[in-house]
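These protein sequences, in sequence, are chains E and R. In this text, residue positions in the first sequence follow the working numbering: the first is 79, and each later residue adds one. In this text, residue positions in the second sequence follow the working numbering: the first is 523, and each later residue adds one.
It should be emphasised that the hints constitute simulated quantities derived from the structure, not laboratory data. Quick reminder that beta carbons are idealized off the backbone N, C-alpha and C, glycines included. Possibly wrong hints are sitting among the right ones.
To be verified - Chain R residues, not near chain E, derived (Cβ > 10 Å throughout):
hint: 1; residue: Glu546
hint: 2; residue: Val554
hint: 3; residue: Asp557
hint: 4; residue: Asn569
hint: 5; residue: Lys626
What the hints assert, rightly or not - Simulated DEER-style distance windows between Cβ atoms:
hint: 6; chain 1: E; residue 1: Gly483; chain 2: R; residue 2: Lys566; range: 57 to 63 Å
hint: 7; chain 1: R; residue 1: Met616; chain 2: E; residue 2: Arg485; range: 42 to 48 Å
hint: 8; chain 1: E; residue 1: Pro385; chain 2: R; residue 2: Lys618; range: 55 to 61 Å
hint: 9; chain 1: E; residue 1: Pro446; chain 2: R; residue 2: Asp643; range: 32 to 38 Å
hint: 10; chain 1: R; residue 1: Ala610; chain 2: E; residue 2: Pro313; range: 58 to 64 Å
hint: 11; chain 1: R; residue 1: Gly543; chain 2: E; residue 2: Gln397; range: 15 to 21 Å
hint: 12; chain 1: R; residue 1: Lys566; chain 2: E; residue 2: Glu550; range: 17 to 23 Å
Claimed, not checked - The calculated SDA-like cross-link candidates involving lysine to any residue, where the alpha carbons are at most 25 Å apart (straight line), are:
hint: 13; chain 1: E; residue 1: Lys482; chain 2: R; residue 2: Lys618
hint: 14; chain 1: R; residue 1: Lys542; chain 2: E; residue 2: Leu362
hint: 15; chain 1: R; residue 1: Lys542; chain 2: E; residue 2: Val551
hint: 16; chain 1: R; residue 1: Lys547; chain 2: E; residue 2: His374
hint: 17; chain 1: R; residue 1: Lys547; chain 2: E; residue 2: Ala373
hint: 18; chain 1: E; residue 1: Lys312; chain 2: R; residue 2: Lys592
hint: 19; chain 1: R; residue 1: Lys618; chain 2: E; residue 2: Gly484
hint: 20; chain 1: R; residue 1: Lys560; chain 2: E; residue 2: Ser402
hint: 21; chain 1: E; residue 1: Lys482; chain 2: R; residue 2: Lys547
hint: 22; chain 1: R; residue 1: Lys542; chain 2: E; residue 2: Leu383
hint: 23; chain 1: R; residue 1: Lys618; chain 2: E; residue 2: Ala440
hint: 24; chain 1: R; residue 1: Lys592; chain 2: E; residue 2: Lys557
hint: 25; chain 1: R; residue 1: Lys560; chain 2: E; residue 2: Glu378
hint: 26; chain 1: R; residue 1: Lys542; chain 2: E; residue 2: Ile392
hint: 27; chain 1: E; residue 1: Lys434; chain 2: R; residue 2: Arg613
hint: 28; chain 1: E; residue 1: Lys312; chain 2: R; residue 2: Leu562
hint: 29; chain 1: E; residue 1: Lys134; chain 2: R; residue 2: Pro580
hint: 30; chain 1: R; residue 1: Lys542; chain 2: E; residue 2: Arg443
hint: 31; chain 1: E; residue 1: Lys557; chain 2: E; residue 2: Val513
hint: 32; chain 1: R; residue 1: Lys542; chain 2: E; residue 2: Tyr380
hint: 33; chain 1: R; residue 1: Lys547; chain 2: E; residue 2: Ile392
hint: 34; chain 1: R; residue 1: Lys560; chain 2: E; residue 2: Ile392
hint: 35; chain 1: E; residue 1: Lys434; chain 2: R; residue 2: Lys542
hint: 36; chain 1: R; residue 1: Lys547; chain 2: E; residue 2: Glu378
hint: 37; chain 1: R; residue 1: Lys542; chain 2: E; residue 2: Lys482
Residues per chain are reported as follows:
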Amino acid sequence: MWFATVETSRTGPEEELLGRPIFNFRLQIILGFFTFFILSVLITAAAMFAINRIEKKISSIQAWEQFLFNIEQARRWEKNYFLYGTNLQDALQSTEKARTILSENAADLQVISMPWQKEETIRNMELYHAGLKKLERLVEHEDNPPGVQGEIEVDLRRYGSKMVSDAAALAAKEHELVSRWLDLVQRVPLYCLVFLFFLMLYMARFLSIRFMQPLKDFVQQTRRIAKGDFTPLKPVRKYRDEFTTVEVAINRMLKELERRQMSLIESHKLRAVGILTAGVAHELNNPLNNIMLTAHSLLEEYDHLPPEEHTQMIQDIIQETDRSRAIVHNLLDFTRENKSIMHSLDLGRLLEETTKLAFNQARVRGVPIELHIEPQLPRIVGDRQQLKQVFLNLVLNALDAVEKGGRIAVKARNADHGWVSVHIEDNGCGIPPDVMPHIFDPFFTTKSVGKGTGLGLSVSHGIIRNHGGRIEVASRPGKGSVFTVTLPRGAVDDPSPNSNHNRWMGENRP
Amino acid sequence: MIYPEILLIDDEPIVGQRLKGGLEKLGCRVEVYQDPLKALDRIKEKNFDIIITDVMMPEVSGIQVLEASKAARPDTRVIIITGFATAALARECMEKGAFDMIAKPFRPSDLRSLVANAAHDMGFTSLKGEPGDQRNAEVEH
Chain E
79 MWFATVETSR TGPEEELLGR PIFNFRLQII LGFFTFFILS VLITAAAMFA
129 INRIEKKISS IQAWEQFLFN IEQARRWEKN YFLYGTNLQD ALQSTEKART
179 ILSENAADLQ VISMPWQKEE TIRNMELYHA GLKKLERLVE HEDNPPGVQG
229 EIEVDLRRYG SKMVSDAAAL AAKEHELVSR WLDLVQRVPL YCLVFLFFLM
279 LYMARFLSIR FMQPLKDFVQ QTRRIAKGDF TPLKPVRKYR DEFTTVEVAI
329 NRMLKELERR QMSLIESHKL RAVGILTAGV AHELNNPLNN IMLTAHSLLE
379 EYDHLPPEEH TQMIQDIIQE TDRSRAIVHN LLDFTRENKS IMHSLDLGRL
429 LEETTKLAFN QARVRGVPIE LHIEPQLPRI VGDRQQLKQV FLNLVLNALD
479 AVEKGGRIAV KARNADHGWV SVHIEDNGCG IPPDVMPHIF DPFFTTKSVG
529 KGTGLGLSVS HGIIRNHGGR IEVASRPGKG SVFTVTLPRG AVDDPSPNSN
579 HNRWMGENRP
Chain R
523 MIYPEILLID DEPIVGQRLK GGLEKLGCRV EVYQDPLKAL DRIKEKNFDI
573 IITDVMMPEV SGIQVLEASK AARPDTRVII ITGFATAALA RECMEKGAFD
623 MIAKPFRPSD LRSLVANAAH DMGFTSLKGE PGDQRNAEVE H
């Protein structure tokens with residue numbers, strides 16, 4: 079068997095790849111050469127067979143020709159006898175020779191390609207021979223009854239000419255056959271060569287396609303992978319071959335890349351949190367300060383204050399503590415490490431939460447963030463944290479781009495054909511055209527060392543692509559940039575499964 | 523008796539509420555604003571001895587208040603309140619002539635000491651607080 083079927087109950091990309099029957103290039107090459115060998119053997123055997131047949135034919139033709147020669151000789155002597163009364167013995171001798179040839183070669187002569195009435199030839203031969211013998215006896219006994227010789231002459235002439243014409247026809251036929259065989263022997267190798275030539279062309283083409291196609295596929299796949307699509311390779315061909323090892327290795331690499339991508343997203347998220355520190359400190363220190371001031375006032379002036387004031391101040395403390403808790407939870411919720419879970423999301427609320435994260439950072443920079451969310455914006459399906467990370471990253475980038483007194487707008491609107499788009503616009507420095515093609519490349523940054531990792535947009539790009547969307551950018555240097563994130567509308571409109579969780583996290587604020 | 527005139531600006535209403543009484547007890551006249559724009563208008567109208575302002579507020583920052591105050595009256599003592607003190611901010615404030623800086627969260631007594639210091643610096647002697655015992659604003663690098 080050429081194919082070994084491997085039974086497997088496991089599933090998964092690796093098992094799918096390995097679960098195919100083996101039909102590798104070694105086998106294909108061996109199979110190709112084996113076909114050539116078999117063909118060569120067949121051609122050689124056919125040629126040998128044909129040559130053997132021709133040899134036999136030739137010897138049979140020789141026999142026929144000798145037979146014919148002797149019969150004709152006998153007939154000539156016979157004619158001499160009837161004309162001049164001589165050469166009867168010679169005629170008998172030639173006839174004997176012809177008889178011997180016929181009986182000796184009967185087996186060979188049998189092997190001819192046209193129906194040959196052997197019995198008739200032998201009978202004619204015997205009758206002719208008997209006629210001559212009878213004539214000889216007549217001559218020996220000097221007995222010449224009138225009419226007998228004439229009768230014999232008629233018989234001899236009849237049998238003799240029959241034999242001659244039969245033998246001549248057979249010899250001619252055999253000649254024709256031999257030349258036909260020779261013709262065939264000449265032509266068949268030519269045909270075979272032509273056939274072999276085309277077979278070779280086909281095999282060369284077939285093998286090179288079989289070699290080149292997987293390589294081309296790999297080039298395609300690496301392009302896809304370079305863009306950050308880490309879906310494992312699927313079996314394309316029916317059989318397992320040498321490339322399967324490479325495919326399995328690539329899949330292993332993809333798994334590793336995906337794992338790293340996840341940790342990259344995670345670490346980048348933490349970086350974003352680091353950037354947010356100033357804003358968060360401001361945000362958190364306000365309620366803390368309020369608590370501190372209120373508590374101290376309470377402590378210092380407890381006895382001088384009316385009880386209503388006491389209650390009011392304690393309520394202030396509680397309210398400000400709640401405020402601090404919400405800030406911390408908002409941040410923690412963003413940083414919490416969790417597996418990517420896709421669920422139905424309210425994009426408007428997600429953007430509100432995101433801008434809230436960046437709000438104080440923007441205040442520190444003196445840049446207002448405007449949020450325009452189209453009413454009745456369709457829900458989307460996605461990972462809340464990861465999408466927040468993307469939008470936060472884009473907002474923080476915009477903050478870096480604008481000067482004091484700049485402006486950032488986040489707009490979410492319903493786009494055509496089942497898409498929702500989010501525009502993050504700024505009127506900052508813009509992106510120079512020479513930098514533009516590289517902004518989504520990993521580790522590309524225009525910020526000074528230690529300021530930016532150059533991973534923000536690349537990570538964002540990866541996240542959005544995983545959501546089936548895309549990020550586009552339009553920029554005019556000196557005028558500002560617009561980053562557009564387009565996401566597919568969520569098909570399912572189920573109640574958010576983590577609404578409870580959100581309330582617990584204190585995020586259900588208007 | 524001359525009382526130091528104080529203007530306090532913070533967009534957090536509790537700050538004004540809680541500090542006003544304490545400062546008045548110290549012997550100051552205090553005006554509290556939550557909207558810095560209104561406060562800026564008031565600064566142009568009236569000469570304040572001491573201006574206490576939060577740095578981070580919507581529309582107008584504490585630095586702008588500082589500049590406006592110094593422009594209106596160069597010898598005004600300006601105390602900056604900040605939620606997140608950085609060396610850069612401290613440098614900027616000092617370069618622009620701020621009297622001192624205090625980081626949130628702070629005790630009411632901390633601010634009172636600062637105000638007393640500022641008043642003392644301006645020559646007011648009638649204050650009830652003891653100047654000189656305040657901590658300096660903690661500057662985080």
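Structure versus earlier hints, numbers of those that do not hold, lowest first: 5, 6, 7, 8, 12, 15, 18, 20, 21, 24, 25, 27, 28, 29, 30, 34, 35 and 37
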